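Full structure from sequences and hints, please.
Protein chains in written order, with my numbering: chain C, 1 to 301; chain F, 302 to 631; chain S, 632 to 1291; chain Y, 1292 to 1436.
The set of hints was computed from the structure by calculation and includes no laboratory data. One should not assume that every hint holds.
In the EDC-like style, the derived pairs of lysine to aspartate or glutamate whose C-alpha atoms are separated by at most 16 Å in a straight line are [stated by the list, open to error]:
1. C/Lys162 / C/Glu299
2. S/Lys1248 / C/Asp278
3. S/Lys1248 / C/Glu276
4. C/Lys115 / F/Glu436
5. S/Lys1156 / Y/Asp1368
6. C/Lys294 / S/Asp1147
7. S/Lys865 / S/Glu934
8. C/Lys135 / C/Glu276
Examples of chain C residues toward chain F, derived with CB under 10 Å [stated by the list, open to error]:
9. Val23
10. Tyr63
11. Val200
12. Arg251
13. Cys253
Quick list of simulated restraints, FRET-style, between CB atoms [as the list claims (entries may be wrong)]:
14. F/Lys418 / S/Glu706: 51 to 61 Å
15. S/Ile1245 / F/Lys625: 29 to 39 Å
16. C/Thr158 / F/Glu515: 50 to 60 Å
17. S/Val1114 / C/Tyr277: 28 to 38 Å
18. S/Thr820 / Y/Gln1327: 36 to 46 Å
19. C/Tyr277 / F/Lys384: 53 to 63 Å
20. C/Asn295 / S/Thr952: 48 to 58 Å
21. C/Pro44 / F/Lys418: 22 to 32 Å
Here the structure is a predicted model, which is why all the values come from computation and not from measurement. Every residue, glycine too, gets a C-beta built ideally from N, C-alpha and C.
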Amino acid sequence: MKEITLQMQELARELLQKGEVNVVLGWEKGTFWYLSPPAFIDKPEDVERLVFDDYCHHNLSKYLMDYRYQDGKVAVFLKGCDSRAFNILLEDNQLEREKYVLIGIPCPGMKDQEKAKELGINGDIPLAKKCQDCKYPNPLVYDYFLGDKEAADEAAATREAKAIDYSDVEQIEKMTPDEKYDFWSSQYERCIRCYACRNVCPACNCRECIFDQSRTGWIGKANNTSENQFFALTRAMHVAGRCIECGECERACPMNIPIMLLNKKLIKDINQLFGEYDAGVKVDGVLPLGHFDKNDPEEFM
Amino acid sequence: MKIIAKERLPEVLQLLAKDYNVLVPAKFEGVTRFTPYSGDVELVLEENVLMPPKDIFFPQTEKMYKFKAKNKSLEIEELPVEKEEQLIFGIRSCDLKSLECLDQVFLTKGYVDHFYKDKRERTALIALSCVRPQEACFCHSMGVDPQNGVGADIQAYDLKEKIGFKAISEKGQEILEKISGLLAEEEVSIPSFGEFNLKADIEGVPEKLQGMFEHPIWADISRKCLNCGACTYVCPTCHCFDIDSEVRGEDGVKIRCWDSCMFGEYTQMAGGHNPRPTKKERVRNRFMHKLRYFPERYQMLLCTGCGRCVIKCPVNMDITAIIKKIKEAE
Amino acid sequence: MKRVGVFVCHCGTNIAASVDCAQVAQNAQNFPGVAYATDYKYMCSEPGQELIKKAIKEHKLDRIVVASCSPRMHEPTFRRCIEGAGLNGYMLEMANIREHCSWVHPDDKERATQKSTELARMAVAKVLNNTPLEKSQIPVTKRALVIGGGIAGIQAAIDIANAGHKVDIVEKEPSIGGKMAQIDKTFPTLDCSACILTPKMVEAANHPNITLITYSEVEKVEGYVGNFDVTIRKKARSVDMNKCTGCGLCSEKCPSRVPSEFEMGMTTRKSIYTPFPQAIPNKPVIDRENCRYFKLGKCKVCERVCPAGAIDYTQEDELVTERYGAIVVATGFDLFDYSVYGEYGYGKYPDVITGLHFERLINASGPTMGKIKRPSDGKEPKNVVFIKCVGSRDEAKGKAYCSKTCCMYTAKHATLVREKIKDSNVYVFYMDVRTPGKGYEEFYTRTTDQYGAIYIRGRVSKIYQKGEKLIVKGADTLLGKQVEVEADMVVLATAMVAQPDAAKLAQMIGISYDQDNFYTEAHPKLAPVETHTAGVYLAGACQGPKDIPESVAQASGAAAKVCALLSKDEMATEPIISQVNEAICAGCGMCIPICPYKALELKTIQERVQGKTIERKVASVNSGLCQGCGACTVACRSSALNLKHFTNEQILAEVDALCL
Amino acid sequence: MSVKETASNWEPKILVFACNWCTYAGADLAGLSRLQYPPNIRILRVPCSGRVNPQFVLRAFQRGVDGVLVAGCHPGDCHYVTGNYFTRRRYLLMQRLLEYVGLDPERFQARWISGSEGPKFQEVVTKLTEDIKALGPNRKLRDAQ
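And the structure:
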């Protein structure tokens, strides 16, 4: 990773010096050793701030929306999931491919921040759950690729083969209706509706989210379990077939709500009902809820 | 000082629960907050709670009154007021400071908010001293003494195996009497407080900010902000609210709910115009409010150094780092 | 201040018997926004409607709820009624307290009354969110396109043209006429097909309002009802139509021969050719696949002999785009490829032919000058076997459906054989004989009784050659025994199937088609010539197997629809359509694939963002195409899309009202 | 809004989203044929089942409905050609999601009911009402006003 970090800084410096891009989006060290928040580099002399380590969780693609209407190009570093996010944003016509210089980084998997806090800098810190499940650690779209492509591809191949672990979802599916409901309401009664999950999500790229449309009255400002669940379920449906499994919603949630348990459920069902599908892998305008098959399962007869 | 062994603290709380609705720092589903005391709550004494006590006095959603639209006439119906006396055990110095801030907003300058006032008046406070700073604490930099809170009725001291109590107000005296049966008198020394991991040099910052409204620094620091409301909702001092009504047919309720200056619609006007269209203006407003506007109006900072936002911000917006940037800015 | 009027109808005793209408009206008084509520015996009656109009004036009502029967019954009535009182017709909502209440809950007046009250409350909640809607006008291009120049296309074109509208016929072959031109005689009258078709072909060709665009195909269809922009590929004929006199010298001299499609390959034609003598236009085309000059680069015989100098090897395909108000699709059918029936020895035995081959064999201008000679050795066949349902009614190997025409044309063929060859025997293997249609059954009876054709009920299991004969083995299911017929010739009644490119064309135009690629009519009973796409109509066998009279009838039906459409300069469009809130629309395009009518597209708009003009994409609804289903609104996450008259706000209001 | 029903007099409230061309017509036919069913159901008319936004369903449960039925034309019969195919995809997922968060599966259903299926309409809503009566009032996803 040291190696990658140096290559990052090198390439960033070059792109900025040559004036090919106005700004480079990457990661830098944060307040604590286990935080590597987004960094925005616009001067060659600042590239030393860039790092790539075990905590570069942040999905940088969504920030690109902030540069849509600005002149000049933007360079961004993408892990596998970030690149799927980029594809989703392309799919949704939110970004123009040409405007961005994509620098792909093969991702070894990011480590669990909460555990890091617990176990300390010398502890043996496990990968974040979402990274253990990751099928696409390598960027799927890029202009530059840092690191050893062959090696990365091999590593990726083995991952793609292995099936995602849905045991957490299945555990809930096994519960009785009342158990399920108690579980989910105990999660969502503590939701403070800060909308961090939405704002960090690359699939949530609406100009104006319905939850900000107080006039139509989709949702009230009141914070109660019912409204919070309305928000959660609606968001889950909105990102159904579009969630790229970056897990940022869950990481961003200040109240530790297991949001990915909803997203994973929908991913699981979409695969079962309409065939295997991984969002953000291809950009072909064919989304699970954007088309249909006359031979879809029939349960409503 | 009056002391009791830590493991016997529940007896104290039990006893107080007879006369008060006792709220204690407890952990539930991985989130710590003040929770009504019962035998089975998971007490948290080694660190401050994630959710600040502000929602005890200023709930995230508060019903104000009911109304009924009966053929063309409108009837207002007041809601019954809570009478129950409550008591918070284990509030930390930083959060006491935040109540001082909220008091300014809700009780001074001729504006008295009776929803807040009522709850404030029937709530006794037992402060608990901190033994060591958590990684994001910087209360000291904000002029808060983690071991001696201001505005509590009783100051409790965490003495490792024991807990000591010192009455501060008359109300505190009464409360202490109620539990004196359980306490023993003992000479103790308050354990020394460790080094702060985070510091912020606030010296001269409010003044400097007066000239920095148009400063490029805001565009820079706001870039990574997601404009979510996490920081404002875990902040013990943020107190913006919005008033809304829930109408069902003829019946309706006026409610007031927390709002966040980080949200786009926060300043959205009816015509669609938004004076704070982007992150830059919103982030600027948040820090201007905490470090300049509030001090100008109330002669105190709107930050207590509790460090919650530093921990919970999904993108690690660190107010201490921002204060540093402000200081260094030309 | 919104002022709702609620009018509760007794419908005589239909509602009043199990709903306390007066009570419902009284309850409605207290609903928010209701300024007036009353009940009456028959709201739809003259006095009932007067009562509403009067109340609107007296109580200054600006929106109306009628609690009565199904809106599917009387919505138009009450819309007209309130329009009569100066309100916009869309300021009306109906609560269905008859079909959905009184009639289904006759024995529980209390709860039926309560339910009626709640249904009325829902309607009131909705109508409070109604807004006046206006029908918009779109211009109509007074010109029709007919795709396909067979009998159906020709008929449709002539009818439209006679009504005074311009029509273009696009035909992919060098001549119009279609399958009917290949047919010898028509059942049940046995009059000569050509004799009744050619006059129509001529009429079409000479009609001042009709333009023939032959040897051409539709390439692209854009736009919508009243304004279709159709791109047509005019294939290079290599012959200058203006110079050519149609003298035919070129074909005569052309040295290269290829099997004639028109004659079913039973004889040859030249590389520069007209498909058949009465072809229209009667001017040749060069078939570049086979022309020596185009293959080998030398020859140019035709150029040399052409007195008019009309030959032009340099001609290229030409793309023209025309605007039409309406389209009639009359692309006809194709014949089932029966090679799947190996047991019938297709290919192996030249004397196993199809019905259409047979039509040419007995046709006076056909390869045998109308003498029935079998292909193999030109001998006159004595024993002729006909096999019906080859590919029809056979889910296993062919099509599930019945091709409808085979029973009759086989009977016709049988008759003709017996007529022309006195000492012949005719055997017909059949599953059923279906003869609905005027004079059809009589014709069939004559075939058997008068002409002595032998009908054997059963399938043929095998055909094999034995010397000069074809042995046809089959089962006679009536006698329950195996039969074997020594035949000189076997004629297969092959199924009618959709054109190979039917699906492609359908997708181009945006009409739907069934599992067999026949085009789907808008409604099997009540809209048999319409499609789901406004302004596009169907004629003939492209919609399903049909005989000539049916095709012609449907063609005239389609023509009538087209005329009705073209008779107006402008057409009103339903105002209940989707609308886009451009401020909110992010231009993600999720709505576009959802719309079955291609009514949504992305357009670019300009906008000021922080003192800078930027361009961004937003969805836009084509009011001519949108049919108001609202499917797009659900695909729109930010609900920038909304359906007029069934808006999110209206439906949420109904839901909330129901839950009070 | 107020949860007034008591165990004794409680009657479920069931919302049916019916497409105008098939299910609404089917319900009309049920009426014309005088086919009786429990008065617990309330029909909300939409042009197409494809118009029914899952958010409407959630809102209904929030506001205190005890059961929801989304009904439209049979696949292939949609008046708008393909609307119900999208409905089918959406609600296959939605149904599973609601079940996943603990809603009793009986409470949310989708059915194809054509304009000629008056008896089927009667049968479906009768069954639905019985199932939901058996379950009792719905408290889940509901905002306690």
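Could you grab the alpha-carbon distance between C/Lys135 and C/Glu276 and see if it respects the 16 Å cut-off?
-> At roughly 13 Å apart (the allowed maximum being 16 Å), C/Glu276 and C/Lys135 satisfy the hint.
May I ask you to test the interface hint for C/Tyr63 with respect to chain F, counting a Cβ-Cβ separation under 10 Å as satisfied?
-> holds, 7 Å
Could you tell me whether the CB distance from S/Thr820 to Y/Gln1327 stays inside 36 to 46 Å?
-> violated, 56 Å
Verdict for C/Thr158, F/Glu515 (Cβ pair) under range 50 to 60 Å = At roughly 54 Å between Cβ atoms, F/Glu515 and C/Thr158 fall inside 50 to 60 Å, so the hint holds.
Consistency of beta-carbon spacing, S/Glu706 to F/Lys418, with hint 51 to 61 Å | Since F/Lys418 and S/Glu706 have Cβ atoms about 57 Å apart, the given range 51 to 61 Å holds.
Classify the hint on C/Arg251 as holds or violated, based on whether any CB of chain F lies nearer than 10 Å to its CB.
-> C/Arg251 check passes; min Cβ-Cβ to chain F is 7 Å, inside 10 Å.
With 29 to 39 Å as the target window, see if S/Ile1245 and F/Lys625 comply at their CB atoms.
-> holds, 35 Å
Does C/Val23 pass the interface check with chain F, least Cβ-Cβ distance below 10 Å?
-> Constraint on C/Val23 satisfied, holds at 9 Å.
At a threshold of 10 Å, is the proposed contact between C/Cys253 and chain F supported by beta-carbon distances?
-> holds, 8 Å
16 Å limit on alpha-carbon distance, applied to hinted pair C/Lys162 and C/Glu299 = Violated - the C-alpha atoms of C/Glu299 and C/Lys162 are around 30 Å apart, more than 16 Å.
S/Val1114 versus C/Tyr277 beta-carbon gap, inside 28 to 38 Å or not = Cβ of S/Val1114 to Cβ of C/Tyr277: about 57 Å, so the range 28 to 38 Å is violated.
S/Lys865 and S/Glu934: Cα distance at most 16 Å?
-> Status violated; Cα separation ~21 Å.
The structure does not agree with the numbered hints 1, 2, 3, 7, 17, 18, 20, 21 stated previously, though it agrees with the rest.
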